[in-house]
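Asker: Make a model of the complete structure from these sequences and hints.
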Amino acid sequence: MDIKFRVGHVIKRIRMDMGYSQEELCEGICSINSLARMESNKTSPSFEILLALVDRLGISIEKVIAEVSLEQNRLYIQQKMAMEQHVESNNLVAVKEDLKLIDDSIYQGLSIREQQFIDIMRIEVLTCVDGKVHQAKALAEKSLYKSYKEKATYFTDEEIKLINIVLRFEQSLSNIQRAEKALTWIENQNPYLQNNNLSLFLLNGLMITAYLVEDWRRVLEVSSRGLQIAEQEQNMKFIPNFLFLKGFSLYMMNIEQDKGKLLMQESFKICELTKHMYIREGLIDTLTQYKIEL
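Using full-length UniProt numbering, you'd call the opening residue of the sequence shown number 1 and step up by one each time.
Note that these hints are calculated values from the structure, not bench results. Just so we're clear, the structure is a prediction, and the values are computed from it rather than from any experiment.
Under the rule of at most 27 Å between Cα atoms (straight-line distance), these lysine-lysine pairs were calculated in the DSSO-like manner:
(1) Lys259 <-> Lys269
(2) Lys237 <-> Lys291
(3) Lys63 <-> Lys80
(4) Lys237 <-> Lys80
(5) Lys63 <-> Lys42
(6) Lys261 <-> Lys291
(7) Lys42 <-> Lys12
(8) Lys96 <-> Lys146
(9) Lys146 <-> Lys80
(10) Lys291 <-> Lys275
Answerer: Structure representation (C-alpha coordinates):
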(Lines of atoms letter the chains of each structure in order from A; the text may use other names.)
(Lines give C-alpha, C1' and ligand atoms only; values in the text may rest on other atoms or scores of the structure.)
Protein backbone atom coordinates (compact mmCIF):
# COMPACT_ATOMS: atom_id res chain seq x y z
CA MET A 1 0.00 0.00 0.00
CA ASP A 2 1.44 3.40 -1.00
CA ILE A 3 0.79 6.62 0.89
CA LYS A 4 -1.18 8.92 -1.40
CA PHE A 5 0.35 12.14 -0.15
CA ARG A 6 3.73 13.38 0.97
CA VAL A 7 4.41 12.84 4.69
CA GLY A 8 8.21 13.06 4.78
CA HIS A 9 8.42 16.68 5.91
CA VAL A 10 6.23 15.84 8.93
CA ILE A 11 8.44 12.84 9.77
CA LYS A 12 11.49 15.10 9.52
CA ARG A 13 10.00 17.72 11.84
CA ILE A 14 9.03 15.13 14.46
CA ARG A 15 12.44 13.40 14.15
CA MET A 16 14.29 16.65 14.75
CA ASP A 17 11.98 17.66 17.63
CA MET A 18 12.72 14.32 19.31
CA GLY A 19 16.48 14.56 18.72
CA TYR A 20 16.86 11.59 16.35
CA SER A 21 19.50 11.64 13.63
CA GLN A 22 18.65 10.28 10.20
CA GLU A 23 20.97 7.33 10.86
CA GLU A 24 19.22 6.48 14.14
CA LEU A 25 15.74 6.69 12.67
CA CYS A 26 16.32 4.67 9.52
CA GLU A 27 18.60 1.93 10.96
CA GLY A 28 17.21 -1.45 9.94
CA ILE A 29 14.24 0.16 8.17
CA CYS A 30 15.58 1.86 5.04
CA SER A 31 18.70 3.56 3.71
CA ILE A 32 19.71 7.08 4.70
CA ASN A 33 19.30 8.15 1.07
CA SER A 34 15.75 6.78 1.01
CA LEU A 35 14.90 8.64 4.21
CA ALA A 36 16.45 11.85 2.86
CA ARG A 37 14.30 11.61 -0.28
CA MET A 38 11.20 10.98 1.84
CA GLU A 39 11.93 13.92 4.14
CA SER A 40 12.36 16.25 1.17
CA ASN A 41 9.03 14.96 -0.21
CA LYS A 42 10.70 13.70 -3.37
CA THR A 43 9.23 10.26 -2.74
CA SER A 44 6.48 8.77 -0.58
CA PRO A 45 7.25 5.85 1.76
CA SER A 46 5.46 2.56 1.48
CA PHE A 47 2.90 1.97 4.20
CA GLU A 48 5.16 -0.64 5.83
CA ILE A 49 8.16 1.71 6.01
CA LEU A 50 6.03 4.57 7.32
CA LEU A 51 4.60 2.28 10.00
CA ALA A 52 8.11 1.27 11.09
CA LEU A 53 9.32 4.89 11.20
CA VAL A 54 6.42 6.19 13.28
CA ASP A 55 6.71 3.19 15.60
CA ARG A 56 10.35 4.06 16.27
CA LEU A 57 9.37 7.67 16.90
CA GLY A 58 6.69 6.49 19.32
CA ILE A 59 3.79 8.20 17.57
CA SER A 60 0.72 6.94 15.73
CA ILE A 61 0.35 6.93 11.97
CA GLU A 62 -2.99 8.68 12.48
CA LYS A 63 -1.17 11.65 14.04
CA VAL A 64 1.15 11.96 11.04
CA ILE A 65 -1.70 11.76 8.53
CA ALA A 66 -3.77 14.26 10.54
CA GLU A 67 -0.88 16.74 10.57
CA VAL A 68 -0.36 16.36 6.82
CA SER A 69 -4.08 16.88 6.16
CA LEU A 70 -4.13 19.96 8.36
CA GLU A 71 -1.14 21.43 6.52
CA GLN A 72 -2.70 20.69 3.16
CA ASN A 73 -5.96 22.36 4.15
CA ARG A 74 -4.09 25.40 5.43
CA LEU A 75 -2.00 25.56 2.24
CA TYR A 76 -5.10 25.23 0.08
CA ILE A 77 -6.93 28.04 1.87
CA GLN A 78 -3.89 30.31 1.50
CA GLN A 79 -3.53 29.49 -2.18
CA LYS A 80 -7.24 29.91 -2.85
CA MET A 81 -7.19 33.40 -1.34
CA ALA A 82 -4.11 34.27 -3.39
CA MET A 83 -5.72 33.00 -6.60
CA GLU A 84 -8.92 34.96 -5.98
CA GLN A 85 -6.88 38.14 -5.55
CA HIS A 86 -4.81 37.46 -8.66
CA VAL A 87 -7.89 36.69 -10.77
CA GLU A 88 -9.49 39.95 -9.62
CA SER A 89 -6.48 41.84 -10.97
CA ASN A 90 -6.34 39.61 -14.08
CA ASN A 91 -2.85 38.40 -13.13
CA LEU A 92 -3.24 34.91 -14.56
CA VAL A 93 0.50 34.32 -14.72
CA ALA A 94 0.50 34.56 -10.91
CA VAL A 95 -2.48 32.19 -10.79
CA LYS A 96 -0.45 29.68 -12.79
CA GLU A 97 2.31 29.88 -10.16
CA ASP A 98 -0.25 29.50 -7.35
CA LEU A 99 -1.62 26.34 -8.97
CA LYS A 100 1.79 24.69 -8.88
CA LEU A 101 1.44 24.34 -5.11
CA ILE A 102 -1.86 22.46 -5.43
CA ASP A 103 -0.58 18.98 -6.20
CA ASP A 104 -2.75 15.96 -6.98
CA SER A 105 -2.83 14.75 -3.37
CA ILE A 106 -4.30 18.07 -2.22
CA TYR A 107 -6.68 18.28 -5.20
CA GLN A 108 -8.05 14.76 -4.70
CA GLY A 109 -8.71 15.50 -1.03
CA LEU A 110 -10.92 18.49 -1.84
CA SER A 111 -14.70 18.49 -2.10
CA ILE A 112 -16.21 18.48 -5.59
CA ARG A 113 -17.00 22.19 -5.31
CA GLU A 114 -13.44 23.06 -4.35
CA GLN A 115 -12.10 20.85 -7.15
CA GLN A 116 -14.32 22.81 -9.53
CA PHE A 117 -12.85 26.06 -8.19
CA ILE A 118 -9.36 24.77 -9.01
CA ASP A 119 -10.60 23.56 -12.40
CA ILE A 120 -11.90 27.06 -13.17
CA MET A 121 -8.51 28.54 -12.31
CA ARG A 122 -6.80 25.97 -14.54
CA ILE A 123 -9.22 26.71 -17.38
CA GLU A 124 -8.40 30.43 -17.26
CA VAL A 125 -4.67 29.70 -17.25
CA LEU A 126 -4.96 27.20 -20.11
CA THR A 127 -6.99 29.70 -22.14
CA CYS A 128 -5.27 33.00 -21.46
CA VAL A 129 -1.69 32.05 -20.57
CA ASP A 130 -0.96 28.75 -22.31
CA GLY A 131 -3.24 29.19 -25.33
CA LYS A 132 -4.56 25.62 -24.99
CA VAL A 133 -8.20 26.37 -25.76
CA HIS A 134 -9.26 22.82 -26.71
CA GLN A 135 -7.78 21.44 -23.50
CA ALA A 136 -9.50 24.18 -21.50
CA LYS A 137 -12.86 23.45 -23.13
CA ALA A 138 -12.56 19.73 -22.39
CA LEU A 139 -11.71 20.45 -18.75
CA ALA A 140 -14.67 22.84 -18.42
CA GLU A 141 -17.14 20.21 -19.63
CA LYS A 142 -15.57 17.47 -17.50
CA SER A 143 -15.59 19.67 -14.41
CA LEU A 144 -19.21 20.77 -14.88
CA TYR A 145 -20.45 17.20 -15.09
CA LYS A 146 -18.74 16.22 -11.84
CA SER A 147 -21.89 17.52 -10.16
CA TYR A 148 -24.33 18.91 -12.75
CA LYS A 149 -27.36 16.89 -13.88
CA GLU A 150 -29.43 17.93 -16.90
CA LYS A 151 -32.67 17.80 -14.89
CA ALA A 152 -31.18 19.84 -12.06
CA THR A 153 -33.45 22.23 -10.18
CA TYR A 154 -30.58 23.71 -8.17
CA PHE A 155 -27.23 25.18 -9.18
CA THR A 156 -24.08 25.68 -7.11
CA ASP A 157 -21.94 28.79 -7.59
CA GLU A 158 -19.24 26.75 -9.29
CA GLU A 159 -21.73 25.09 -11.66
CA ILE A 160 -23.03 28.50 -12.74
CA LYS A 161 -19.51 29.74 -13.45
CA LEU A 162 -18.73 26.55 -15.39
CA ILE A 163 -22.01 26.82 -17.33
CA ASN A 164 -20.93 30.30 -18.38
CA ILE A 165 -17.43 29.11 -19.29
CA VAL A 166 -18.80 26.25 -21.41
CA LEU A 167 -21.05 28.80 -23.18
CA ARG A 168 -18.01 30.99 -23.80
CA PHE A 169 -16.30 28.14 -25.61
CA GLU A 170 -19.33 27.02 -27.63
CA GLN A 171 -22.46 29.08 -28.28
CA SER A 172 -24.68 26.09 -29.05
CA LEU A 173 -28.43 26.17 -28.49
CA SER A 174 -28.17 23.69 -25.61
CA ASN A 175 -25.46 25.74 -23.90
CA ILE A 176 -27.50 28.94 -24.31
CA GLN A 177 -30.62 27.27 -22.93
CA ARG A 178 -28.69 25.89 -19.96
CA ALA A 179 -27.33 29.36 -19.14
CA GLU A 180 -30.82 30.86 -19.42
CA LYS A 181 -32.20 28.12 -17.17
CA ALA A 182 -29.56 28.86 -14.52
CA LEU A 183 -30.26 32.60 -14.79
CA THR A 184 -34.00 32.03 -14.37
CA TRP A 185 -33.32 29.86 -11.33
CA ILE A 186 -31.28 32.65 -9.70
CA GLU A 187 -33.93 35.26 -10.48
CA ASN A 188 -36.67 33.06 -8.98
CA GLN A 189 -34.88 32.73 -5.65
CA ASN A 190 -35.98 34.66 -2.60
CA PRO A 191 -34.59 38.21 -3.07
CA TYR A 192 -32.61 37.82 0.15
CA LEU A 193 -30.97 34.65 -1.19
CA GLN A 194 -30.25 35.80 -4.74
CA ASN A 195 -26.60 35.95 -5.74
CA ASN A 196 -26.69 38.84 -8.17
CA ASN A 197 -22.98 38.61 -8.88
CA LEU A 198 -23.56 35.14 -10.34
CA SER A 199 -26.36 36.61 -12.47
CA LEU A 200 -23.77 38.99 -13.89
CA PHE A 201 -21.58 36.10 -15.08
CA LEU A 202 -24.51 34.59 -16.98
CA LEU A 203 -25.83 37.89 -18.34
CA ASN A 204 -22.35 38.78 -19.55
CA GLY A 205 -22.03 35.39 -21.25
CA LEU A 206 -25.44 35.67 -22.91
CA MET A 207 -24.68 39.24 -23.99
CA ILE A 208 -21.38 38.19 -25.61
CA THR A 209 -23.17 35.28 -27.30
CA ALA A 210 -25.67 37.72 -28.86
CA TYR A 211 -22.83 40.08 -29.81
CA LEU A 212 -20.99 37.31 -31.68
CA VAL A 213 -24.01 36.77 -33.97
CA GLU A 214 -24.66 40.53 -34.19
CA ASP A 215 -28.12 40.29 -32.62
CA TRP A 216 -28.05 43.92 -31.52
CA ARG A 217 -31.58 43.97 -30.13
CA ARG A 218 -30.74 41.03 -27.87
CA VAL A 219 -27.44 42.68 -26.91
CA LEU A 220 -29.36 45.82 -25.89
CA GLU A 221 -31.86 43.82 -23.85
CA VAL A 222 -29.27 41.76 -21.95
CA SER A 223 -26.77 44.60 -21.47
CA SER A 224 -29.51 46.81 -20.02
CA ARG A 225 -30.46 44.10 -17.51
CA GLY A 226 -26.84 43.45 -16.66
CA LEU A 227 -26.00 47.14 -16.24
CA GLN A 228 -28.88 47.64 -13.82
CA ILE A 229 -27.71 44.76 -11.61
CA ALA A 230 -24.02 45.65 -11.88
CA GLU A 231 -24.70 49.24 -10.79
CA GLN A 232 -26.90 48.00 -7.96
CA GLU A 233 -24.10 45.68 -6.78
CA GLN A 234 -21.41 48.28 -7.58
CA ASN A 235 -19.55 45.57 -9.47
CA MET A 236 -16.95 47.62 -11.32
CA LYS A 237 -15.60 44.58 -13.16
CA PHE A 238 -18.85 44.12 -15.11
CA ILE A 239 -20.13 47.70 -15.45
CA PRO A 240 -17.78 48.68 -18.33
CA ASN A 241 -18.80 45.71 -20.51
CA PHE A 242 -22.54 46.20 -20.01
CA LEU A 243 -22.28 49.97 -20.41
CA PHE A 244 -20.17 49.71 -23.56
CA LEU A 245 -22.32 47.10 -25.29
CA LYS A 246 -25.52 48.92 -24.39
CA GLY A 247 -24.13 52.00 -26.14
CA PHE A 248 -22.66 49.90 -28.92
CA SER A 249 -25.99 48.18 -29.65
CA LEU A 250 -27.81 51.54 -29.74
CA TYR A 251 -25.22 52.77 -32.22
CA MET A 252 -25.39 49.66 -34.41
CA MET A 253 -29.20 49.77 -34.56
CA ASN A 254 -29.03 53.46 -35.49
CA ILE A 255 -31.13 54.27 -32.42
CA GLU A 256 -29.93 57.27 -30.44
CA GLN A 257 -26.42 56.99 -31.84
CA ASP A 258 -25.22 60.04 -29.91
CA LYS A 259 -26.39 58.47 -26.66
CA GLY A 260 -24.71 55.23 -27.69
CA LYS A 261 -21.40 57.03 -28.17
CA LEU A 262 -21.72 58.74 -24.79
CA LEU A 263 -22.30 55.39 -23.06
CA MET A 264 -19.27 53.89 -24.79
CA GLN A 265 -17.14 56.88 -23.78
CA GLU A 266 -18.33 56.49 -20.20
CA SER A 267 -17.26 52.84 -20.18
CA PHE A 268 -13.70 53.88 -21.08
CA LYS A 269 -13.64 56.41 -18.24
CA ILE A 270 -14.71 53.73 -15.77
CA CYS A 271 -12.00 51.36 -17.02
CA GLU A 272 -9.40 54.07 -16.45
CA LEU A 273 -10.71 54.99 -13.01
CA THR A 274 -10.82 51.37 -11.85
CA LYS A 275 -7.58 50.45 -13.65
CA HIS A 276 -9.30 47.64 -15.59
CA MET A 277 -7.06 48.31 -18.56
CA TYR A 278 -7.36 44.78 -19.95
CA ILE A 279 -11.12 45.37 -20.32
CA ARG A 280 -10.39 48.70 -22.01
CA GLU A 281 -8.15 46.97 -24.55
CA GLY A 282 -10.97 44.60 -25.47
CA LEU A 283 -13.37 47.50 -25.98
CA ILE A 284 -10.86 49.26 -28.23
CA ASP A 285 -10.58 46.09 -30.33
CA THR A 286 -14.36 46.15 -30.85
CA LEU A 287 -14.33 49.78 -31.97
CA THR A 288 -11.46 49.05 -34.35
CA GLN A 289 -13.21 46.01 -35.79
CA TYR A 290 -16.37 48.01 -36.57
CA LYS A 291 -14.47 51.20 -37.52
CA ILE A 292 -16.26 53.36 -34.98
CA GLU A 293 -14.75 56.64 -33.80
CA LEU A 294 -15.99 58.07 -30.52
